[in-house]
Amino acid sequence: MSTPPSGPGSVTRTPGREPAGSPPSRLPRPRPSGSRPSRSQVTRDHAPITLTGLAGKVLLLGLTAGVAVWAAFPLIAAGMWAGLALLAASTAGLFYLYLTRRHIPAKYLVPGTLFLIAFQVFPVIYTASTAFTNFGDGHRGSKDDAIVAIQSSSVTQVPGSAEYALSIATKGDPATGPLVFLVTDPGTGAVSIGDTGGLRQLDAADVTVGTAGKVTAADGYTVLNFGQASARSKEITDLVVPTAGGALRSSGLSRAYEGKAVRAYEAGCDCVRDTETGRTWTADEEAGAFVASDGERLAQGWKVNVGLRNFTRVLTDENISGPFLGTLIWNFAFAIGSTGGTFLLGMLIALALHSPRMRGTNLYRVLLVLPYAMPSFAMLLAWRDMFNADFGLINSLFGLDVDWFGQAWTARFAVILVQLWLGYPYMFLVATGALQAIPRELTEATSVDGASPWQSFRAVTLPLLLVALSPLLISSFAFNFNNFNAIYLTTEGAPFPADNPTNGATDLLITYTYRLAFGGQGAQFGFAAAISLFIFAIVAVVSAVSFRRTRQQEEVWA
Amino acid sequence: MRIRTAGVVALFALALAASGCGGDSDEPAAKETPRAAGGKLVIWADDKRAVALKPFAEKFGQENGVTVEVQAVSKDLQTNFVTASQQGSGPDVVVGAHDWIGNLVQNGAIDPVQLSAEQKSGFNETAIKAVTFNGQLYGVPYAQENLALIRNTELAPEAPKTIEDLVANGKQLKAAKKVTETLCLQVGQNGDAYHIYPLYASAGGYLFGTGANGDYDPKDLGVGKPESIEAFKKIGALGEKGEGVLKRSIADTNSIATFTGKKCAYLVSGPWAVADVKKANITYDISAVPGFAGGKEAQPFVGVQAFYVAAKGKNKALAQEFVANYTTTPELAVALYQAEPRPPALTAALDQVKGSDPDLAKFQEAGKNGQVLPAIPAMAAIWDPFGKAEAAVIGGADPTSTITAAGKTISGQIK
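Chains as they are written, first to last, in the working numbering: chain L, 1 to 558; chain S, 1001 to 1415.
The set of hints was computed from the structure by calculation and includes no laboratory data.
Do not take every clue at face value.
[Unchecked claim] Chain S is faced by these chain L residues, among others (derived, beta-carbon under 10 angstroms):
{"id": "1", "residue": "R140"}
{"id": "2", "residue": "T211"}
{"id": "3", "residue": "G213"}
{"id": "4", "residue": "A217"}
{"id": "5", "residue": "Q228"}
{"id": "6", "residue": "E266"}
{"id": "7", "residue": "P375"}
[Said to hold, decoys possible] Now the in silico label distances, taken between C-beta atoms and shown as ranges:
{"id": "8", "chain 1": "S", "residue 1": "S1356", "chain 2": "L", "residue 2": "G210", "range": "43 to 53 angstroms"}
{"id": "9", "chain 1": "L", "residue 1": "S90", "chain 2": "S", "residue 2": "N1213", "range": "32 to 42 angstroms"}
{"id": "10", "chain 1": "S", "residue 1": "G1209", "chain 2": "L", "residue 2": "K234", "range": "20 to 30 angstroms"}
{"id": "11", "chain 1": "S", "residue 1": "A1275", "chain 2": "L", "residue 2": "L109", "range": "26 to 36 angstroms"}
{"id": "12", "chain 1": "S", "residue 1": "G1244", "chain 2": "L", "residue 2": "P356", "range": "54 to 64 angstroms"}
{"id": "13", "chain 1": "S", "residue 1": "K1075", "chain 2": "L", "residue 2": "T275", "range": "17 to 27 angstroms"}
{"id": "14", "chain 1": "S", "residue 1": "P1226", "chain 2": "L", "residue 2": "D317", "range": "39 to 49 angstroms"}
Even glycine gets a Cβ: it sits at the ideal position worked out from N, Cα and C.
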């Protein structure tokens, strides 16, 4: 799940698409004469190798290799051989492609395709695969991780046992020799040496004990200082000295305690047993948790595949499916309202400024673009405060007493109003560009034919505008459909019905999903991914249908 | 052509060396430097605390011949920590609020800390209780905080004994046009469970019952029970359709500013508000949040900030050493207090700073009867539904049906 990017005019700006400031290419234009298609073909085959071209090629390929090497190390460390093979294959492919003189079109297409795969296809596949799991808080890691966590968090100090002062020592080289614990019992002052074999007392004559009770030197052993010891941190944490009551473990580098792991995993029954109470929790591979006979679960679970459960939950859980439909309808209304509203307003202003009788258009243009130039992030927060019922600018300015975000319809109206303010300058800009590309002769011709300005607008200007702007409107719609910031920074989905805190009147599917994923009972990434796929499907269908319709429209008008 | 190919290869090798291959030669080189030989401790904290920690962490590093790196994570520290430790790129030590513990434990992100009985006795009892989860100590507390009533003594010279007193006085001030709001207690559009809790508790409501061992029991949910309905009836009576004392228009963004702008005489907030109040040159005093007349005492939540040892840290022994034996020193607690004035959890440190900062003692006094903020994972299910129900009731919704529904939602989310 991702949140839409914020930034200046993020409301209607669609990442990755150029504003249609340039004239629409479908309008009749004289073809540039003298284009000889064969020429470029000839030059390419015999093109001389220039020094800059060569240097550029070498630098880029060097960078590619560098990135590949840099990316390979973590893959090797993690033992991800499939990923490494993929990396090697794609790097080799790139080298082959750019070191040969063939495959000219591929030279242009491959980089984009690779980025598309890396940043679009992979995330979608990853989201899709997450949607079939219970990935979320309490179910993040593997079963082994959960077992380790359960066991290590059940280690408790043996009641009444001594607190030992600890020194870490070795017989051999400080960096590699086998480690031992030198522990001093503060009560008796007795010094013992411990390793995996157990604990034995040392003769007081063989050791020097410092002021804090720590052993500072011992015959035949090298006492490690903190620096040396901490370099072997993992070995120290793992060193457990068995004792009668449990085991001696380190607590940091200067103290040791006698502890006992109360809970242990038993492979035979695939369960966790509590040695103090005798309770067992058996692994439930469907839930990804250890469950006791009375249904009690251990907190630390693991990630398992849950099949279609996340998807069916969206459709069958009435707490979700009921609001889902309502949210979907509002989501469409919001996207259509903000896109359509900004387009209408933007176009009207563009038309007004396009009129030859208009004076001071540049000043107007500068003023109109102002909202677009402000960071929408900050503007949304400012608008939120302006709609405050008691302290907000809007109520106090107009002498109103409206609880804007407290009632469903006023809240919906308010967020669309904010969208309108933030988004119309963009539509104004693109409409201005498109208008200037429509030859004035066309409208003049209609007036010669006796058409009213309205008729000429309906029959000539609007269709030509729509042809140019339809792709932008569709992408703007798709962006607004998932306009997370617009809702999250203003109402957070409020107002919520008194009896349903999960789904507010202004919630979009994306803010609703965000709440499911990161609010409530911790993170539920798997479930949120399933809803993301629903959103993805909806937006894809809407876009596909609209693009198809646009094409038909172009055939009619073009 | 032959020469050209050789040139390409040579140039390419050069570019390769310049761009990427430097990366892999770094690691063996790093191992040879003496500093890294002593191991490295990575600590994550939020911006303010990271600044305060840095000198102490460096001192610890110098004394012990290790490298200590304090990294400031300014946003979503908890989630970032869980994700990073899952991927094996997390820190060794993390600093955060105690109510994270439940979530961090269920994700296997932190390890218990073993403190000696003597070390434990140096701490405030509440603080130790806060970081204890399932009978284990999961962090070392260093500061604690709770809500209190901050009042403008020019407008309200006397500390109100009950909410009713507060409302009566606030109304008088309002009638005299000295203020525009009775009480600045942040509610916001979606409610705020933390700030309303003292009143909720005073009216008899509770969140979770406690089990035999004194731990919170997620199965005994108080929201939706008759006590909670009674409590919300009282809260609703103070709401927009009742006395107009509690309002959704007062939110986290404007409650302190409204108080410092002298639009209200009373503010319910924590130690973090004091800096702003001082800056606004308001003569103020701090007392406990009053409860309803004839009700129970108003109990604010007591939250604790603590150091945790990451379960998947690369240098756990050193992390344990730092957390268990170094952060328990009063000097560090005092330094962190100076970075952000919240009462230290170490009694010795609190005694040191109490003299120079009377507000601290007052906040502590106000939190004396406070309730430790539950750290159980089920608490995550409370915040959102509880807050929204609160906002709805304050906005005039029927308390009975609203709170019953919220209780249902919450129990449905608790596994």
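Each hint, compared with the structure:
1. Against a cut-off of 10 angstroms between C-beta atoms, the interface hint on R140 (chain L) holds, since the closest Cβ of chain S lies about 5 angstroms away.
2. With a cut of 10 angstroms, the hint placing T211 (chain L) at the interface with chain S is violated, because the nearest CB-to-CB distance is about 15 angstroms.
3. At a threshold of 10 angstroms, the smallest CB-CB gap from G213 (chain L) to chain S is about 12 angstroms, leaving the interface hint violated.
4. Taken as an interface hint, A217 (chain L) does not check out: its beta carbon lies about 18 angstroms from the nearest beta carbon of chain S, beyond 10 angstroms.
5. This hint holds: Q228 (chain L) has a C-beta 7 angstroms from the nearest C-beta of chain S, less than the 10 angstroms allowed.
6. The restraint placing E266 (chain L) at the interface with chain S is violated, with a minimum CB-CB distance near 19 angstroms, outside the 10 angstroms limit.
7. For P375 (chain L), the shortest C-beta to C-beta distance to chain S is roughly 17 angstroms, which exceeds 10 angstroms, and the interface hint is violated.
8. S1356 (chain S) and G210 (chain L) have their C-beta atoms about 36 angstroms apart, which leaves the hinted 43 to 53 angstroms range violated.
9. Take S90 (chain L) and N1213 (chain S): their Cβ atoms lie about 57 angstroms apart, and the range 32 to 42 angstroms is violated.
10. Distance hint check: the CB atoms of G1209 (chain S) and K234 (chain L) are about 42 angstroms apart, inconsistent with the given range 20 to 30 angstroms.
11. In this structure the hint that A1275 (chain S) and L109 (chain L) lie 26 to 36 angstroms apart at CB is violated, the actual value being about 58 angstroms.
12. Range check, G1244 (chain S) to P356 (chain L): about 57 angstroms between beta-carbon atoms, so the 54 to 64 angstroms window is met.
13. Between K1075 (chain S) and T275 (chain L) the Cβ separation comes to about 42 angstroms, which falls outside the hinted range of 17 to 27 angstroms.
14. With their beta carbons about 28 angstroms apart, P1226 (chain S) and D317 (chain L) fall outside the hinted range of 39 to 49 angstroms.
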